[in-house]
Every structure is written in structure tokens, then in C-alpha cells.
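Number of protein chains: 2
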Amino acid sequence: MNRENETDIGKAAESPGLPPFRFSELLEKKVILQDWGEYEDFFRFSSNVGKIDEGSVLVKVGNGFELIQGFPKIKRAIMLAPALKNHFKDIYSVAVEEKMNGYNVRVIEHKGELVAFTRSGHVCPYSSERSEHLLEHDFFKDYPEYVVYGEMVGPDNPYVPKDIYGVESLDFFVFDIRSREGIPLPLHERRELASDYGFTQVELLGEFELGEAADRIREIITELGKKEHEGVIIKDPSMILQPVKYTTSQTNCADLRHGFRFYNESGKDYLFARVVREGFQSVEWNESEEEIKDRCLRLGESILRPMRESILRVQEGERIRDDVRIRVKDESTIDRFRMYLERLGLDVIFSPPERIGDEYVVNIRKMNRSTTDKTLGIIEGQLWS
Amino acid sequence: MNRENETDIGKAAESPGLPPFRFSELLEKKVILQDWGEYEDFFRFSSNVGKIDEGSVLVKVGNGFELIQGFPKIKRAIMLAPALKNHFKDIYSVAVEEKMNGYNVRVIEHKGELVAFTRSGHVCPYSSERSEHLLEHDFFKDYPEYVVYGEMVGPDNPYVPKDIYGVESLDFFVFDIRSREGIPLPLHERRELASDYGFTQVELLGEFELGEAADRIREIITELGKKEHEGVIIKDPSMILQPVKYTTSQTNCADLRHGFRFYNESGKDYLFARVVREGFQSVEWNESEEEIKDRCLRLGESILRPMRESILRVQEGERIRDDVRIRVKDESTIDRFRMYLERLGLDVIFSPPERIGDEYVVNIRKMNRSTTDKTLGIIEGQLWS
Chain U
13 MNRENETDIG KAAESPGLPP FRFSELLEKK VILQDWGEYE DFFRFSSNVG KIDEGSVLVK
73 VGNGFELIQG FPKIKRAIML APALKNHFKD IYSVAVEEKM NGYNVRVIEH KGELVAFTRS
133 GHVCPYSSER SEHLLEHDFF KDYPEYVVYG EMVGPDNPYV PKDIYGVESL DFFVFDIRSR
193 EGIPLPLHER RELASDYGFT QVELLGEFEL GEAADRIREI ITELGKKEHE GVIIKDPSMI
253 LQPVKYTTSQ TNCADLRHGF RFYNESGKDY LFARVVREGF QSVEWNESEE EIKDRCLRLG
313 ESILRPMRES ILRVQEGERI RDDVRIRVKD ESTIDRFRMY LERLGLDVIF SPPERIGDEY
373 VVNIRKMNRS TTDKTLGIIE GQLWS
Chain G
13 MNRENETDIG KAAESPGLPP FRFSELLEKK VILQDWGEYE DFFRFSSNVG KIDEGSVLVK
73 VGNGFELIQG FPKIKRAIML APALKNHFKD IYSVAVEEKM NGYNVRVIEH KGELVAFTRS
133 GHVCPYSSER SEHLLEHDFF KDYPEYVVYG EMVGPDNPYV PKDIYGVESL DFFVFDIRSR
193 EGIPLPLHER RELASDYGFT QVELLGEFEL GEAADRIREI ITELGKKEHE GVIIKDPSMI
253 LQPVKYTTSQ TNCADLRHGF RFYNESGKDY LFARVVREGF QSVEWNESEE EIKDRCLRLG
313 ESILRPMRES ILRVQEGERI RDDVRIRVKD ESTIDRFRMY LERLGLDVIF SPPERIGDEY
373 VVNIRKMNRS TTDKTLGIIE GQLWS
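For the protein sequence lines, the chains are U and G, in the order given. Position 357 of the first sequence, counted from 1, bears residue number 369 in the numbering used here, the numbering being contiguous throughout. Position 59 of the second sequence, counted from 1, bears residue number 71 in the numbering used here, the numbering being contiguous throughout.
Note that these hints are calculated values from the structure, not bench results.
Straight-line C-alpha distance at most 30 Å; calculated BS3-like pairs for lysine-lysine:
| # | chain 1 | residue 1 | chain 2 | residue 2 |
| --- | --- | --- | --- | --- |
| 1 | U | Lys-174 | G | Lys-305 |
| 2 | G | Lys-87 | G | Lys-280 |
| 3 | U | Lys-85 | G | Lys-280 |
| 4 | G | Lys-280 | U | Lys-174 |
| 5 | G | Lys-280 | U | Lys-305 |
| 6 | G | Lys-280 | U | Lys-280 |
| 7 | G | Lys-85 | U | Lys-280 |
| 8 | G | Lys-239 | U | Lys-305 |
| 9 | U | Lys-305 | U | Lys-257 |
| 10 | G | Lys-72 | G | Lys-42 |
| 11 | G | Lys-378 | G | Lys-341 |
| 12 | G | Lys-87 | G | Lys-101 |
All of these numbers come straight from a predicted model, not from anything done at the bench.
Next comes chain U alone, as it looks inside the complex (with noise of 0.2 Å):
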């Protein structure tokens, strides 16, 4: 970091919420952590600071510093109907907009482009990319002060791909608007601007009074349940509650299946969360005889399947792996999205991109070392201590 940074850093202590002695002290412990290359106007918290949520990014503006809020993590429902009761019992009825499987991001406009923050505060440099082609750049120009919050969904995602929603490449789904300080708009107000601006949204699905809201949850979640869709985010229409999760036992169990492919790297937390969300939704939903053997069934088949697949990879030879792909205008973006999954760690493997139409494709093969390690080690004789 140079001189002049050091300068601009004192100032930050200008931003709401960080008292100004602890800065550079958070910046010595790595709790802030400056981004590199062309980013390096931003900081990204790495934990909690005070009401300063993880993922948290100081933003370099003029000379000074502004925050943009974390995203914050969405709590869930493990059994629908006590705890929609529960949370909403305060409010007359909820709305139901679709929760899509993709990855989330906060966009911003800096310096006349847009910038894409993942979940945990880094710049991504394709989703920033894309976002420069998916939103409406006037909707930056006219809110400046706003953070549009969104998933980026479709097969070209080098994240969760997906081709259940129609989507070609690579699509960006609107979800919520808020300040820089994290207060979002209402849920209509939100959905009017966005559509004003032509972005495209997450689906509404309807508005329901608090009594018969669980009924028609569940009609909804066994409705998406059939097409593999992820599940629904309860809000408050005025957003002052803060939103739930709920999602269907198919994307509970499509994740076993593509996530046990690498069962080393998915691990304990990952099995153990979802098996719960199982047991419980047997319960709640009064579940037949037949219907209860059906779970069972689907559950230990999302676990094994996945699992032998990949012994069997491995014992023909086969590194296991994820394979991936993205979609650019920028040649350039994609030496900057390896450099930056290198970065975060990631054994990664890019084709040499193909031109098609004008964009490039590149395929991404994203290596699972520690499943293949372990699984390997257990061919050869390794014993489990």
C-alpha cells in the first residue's frame, strides 16, 4: 500500500458506524482487507465489526470513504407454518417472491462502471462485467445512493450453473434495492423502480394474510418442488421485518447430489443441514407411509449416487472435478476472473476461449483436489483413523 493510500485510509474513519481510532488497527489484524489490481479502492470487512456486517466494503470516493452494507444473511424456516407464526406475528400478510438458485451480488456504480461485490465483499470480475450489460446504467446515474441486490442465474455462471429457468447465458434477477447503509425500499416501491428501469426481477408470487400464508406456501413450494426450483424468501412488503428462507426438498436434495460428487470439500456441515431440513418437512407435511419412503429413498440416493460416481472416477483414473463455464464481451475479463479465482484459492483449469457470435465462451474445469486426494488414498489402502 502506498503513501497516498495511507492518507485516504485516515479518512475512512469519516464512514457511519467506525469509530476512527480503529481503522488502521483493523486493517493491521486483517479484519479489512484491501482488494488489488483495479480494485483497490475497495475494502472489504472479513468479519463483524460493531453493526458493520461481514462482507461490508469501504468504497474509495473522491477523498474520502463510503460503506456499503453487507448482504445480510437471510434466516430459514425449518418448519413453515410455527415460523412464519412466529417471526411475521406483528404484520397483517406476507409476500412470496421466488428464491433462485444462482449466486448473489450487490452492484454499485464507481467511476462510471459498474462494480459487482460477492457475498463475502470481494469484486467479481465477470459478474461486474455482465452486470455492465445486464442493468440499466441510468438507474445509477438517477440513485446514485442505491445498491441493486440481485442472483445471477443461468447456465453460464461459473458459481451454481443452472438450466432450469430458461435462461440462455446469464441472467441478472433483481431482489431487493437498498442504501448503502443497507436499508432496503419497500417490496412494491422496489419492484415499480426496477421495472422502471427494465431490470429484470424475481418473481412475485403472490401476497398472503398472515393465516393462510404457510397453505399456499406449500402449494407453491410443491409446485416449484416439480421443477427443481430452489424455494421462496417470505418478506415483509414493507421490509421492515427482516426476510425468511424456505426452500423445497428437491434443491435440497439436487445440492446432495451435485455437491456429494465432491464429498470431501462439501464435508459435515453441508450433509447435516440439509438432512434436518428433511426431517422436518416429513413431519410438518403429515407425511403417507408411501411419501415417507419416497424421501428416504430420494435423500439416500442424493448422497450415494454422487459419492460412487465419483469413487469410480477416480478408480479409472479421473481427477473429480466440477466443469464450468462462462460468457464474455471483454477478452480481457477472462484473465482477470482466473487471476482472481487463483486468488481465492481455486485449482482451476480455462480452455482457450471460443468466439461465438461477440462474445468468447470459455470453459472452466474447477479441480476438487481434496476429494480426489482422499478418494484416492482409499483405493490405494489408506485407512480411516
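Could you slot chain G onto chain U? The hints should help.
Just chain G, lined up with the frame of chain U:
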């Protein structure tokens, strides 16, 4: 600790492998912990110290101390054939003994009475009393330097009650005899010696050349699985190489069926380890599509059905618990065992003792507060963060 003990502790320094100057330091750091009440003569190691394993015990003998090595952790074959080939490559044949499902203890004679240590090095008052009646004392008079290792098995078992072995109350199945330093007798010598003193022993299921061992053990495992028995320990007959364990899918699933009634206590490691075993066994055994499906269903049911039952119980106002039973000759063992469990942090309710013949039977309810509280919270609408 009184002044007299402090003097004695100095002498523990003379125990093999323990540098004198470290004893008081380890005691202060609680690496060595003194047992209590009538067992103040014993100090257990709460972690590994050099070549001394966690669970090892220092025993006050006369004016000095003697070390009793902990029970060595037996490593597990996940894929049987390569594990055998790799681990036992330098020997001609392996012996296979049944691995029984109970809890293992080490027994010595101290001041004329038998004392049973658990794996962690605690003296268990119940196991000590039972050993007193189950093991021939002459052995310990004739071989005071030996430690008898065995599995406590049967329904009157406060840790792992099992009806599957045809044991009426509780029996002690010897599987090892070692010197206090942990050096084992060769397998056949040990079996003969145990037989000479009328000890009950784990079954010797065969001795196989290395080349055929995996196939033969698979046949054995298939038969044991049908009876829901646990599995086998595969040993170098000379006991120079470390033994290896291998278990049946049925015991794996039976563990899950039991453990997932207390899903929040059993937890993530418990689940993950068992899932991994199932995956590799399925591949190694070259299962047909139908066998794979059966295994998936068995796994799913072993996880979800007990969870469902616990949730339903809590919904009906019950608290989740594990009911076990002990049977003692000396009524005072009951109180000493209760104090022991409470000291370990368990929440237990003892029934009034019922006299049966010359013994007392006590039902013990072990309360699973963590699972009860977690389940109750979710039923009442708590969110999962």
C-alpha cells in the same frame, strides 16, 4: 489434593516415558486428571503426551506410580481389499476376530479388587463391579503385570445395550491381553491363556492367507450383517502390526437409526463418517442397480425415520431420551454409578432399584437435552441461521 498426594505425585516421575520435570506441569495444565472418591489412586491422561496415549492411566502402587497405556485407536478399512494388501503386506496370513458392539474396558487388579477403565481412562464403577463377578481373579494374581481388554456386551449395558448376542444380562468378551506398557500377547497365546482361566472371548472367525482374506472377510461380513452384528477386527497373529477394523452396512445403519433419534447430540461427524463408509462399500462390492437402490433406501430410512420419531415425540410433549438399564449385586454401585455419570455431565434419571434374585435392576433414563431443546425451538418457530 492433600499434602500426602503431592509427595506421591513426585514419584510418578519414575514411570516409564514420563520426564520427571513435567509431571506437575501436566497436572496443573489438566493434561493429567486425578480420579475421585475411592479412585483417587488413579490419574488419567486427557491428551497424548509423547508416547503416552490419551486415556492412559497412572496408578498409585505402594509409594510410586505405574503407567497403564490407553487403548490404541484401531484404524478402519474403508475399502477392504486394498487396505489389507497395503497394511498387512509384510505378513503371510491374518486372523479375523468378531468386533462386538458394546463398550470396551481395560481391567487390572488394584488392592485386591478389579478396576475397569473406560477408553478415556475413567474408572467406571459399574464396569468394575461387573468385572469383579465376570472375570476369574486368579488370573490377576498369577499375572499382575497384564491388563485384560474386553468388550462389555449385552442388554444391561448403560452405554450400548444390545440384545443381538444372546447375552442375558452383560458379559465380558476378552479380545486382548497386554502388558501395562501396552505390548499385546500374540493372538493364539492370548486365546489360550484366556481359555485357561475360563474367560469368555470374542469369536475367532478364521485365519486366512492374505491373498484370499478380502474375499473371505466379505463372506463373513455378509453373514454378520444379516444378524446386525457389528463387524470384524483383522489382526496380525503375532500382534506386531496394528489391527484393522471393518464393519457391516447393517451396523452402520443401526448406529444411525439409534443415533439420529438424538440427531443434535450425534451430530455431523457421526453422520458423515457413516455415509462415507456406505459409499465405498457399495463400490467395492460391485453392487447391482437393485442393491444400490436398497442401500440408498436403507441409508435414507436410517437417518430420517428416527429423526421423524423424535420430532413427533417432542410435538406430543415428550422429552427425547435414551433408556438403558444396569444390574448390580452391590446396591452401593448404583449411587456410585449415578455420581460418575453426573460428573461426566450427563442428565440422568435413575428408577428405584428392583430386586431380582440376588441382584438389583435399575432403569436409567439419559435425557438428550440438546436434541429436545433444538426440536422444541424449531417446532415453536425458531429460525435456523
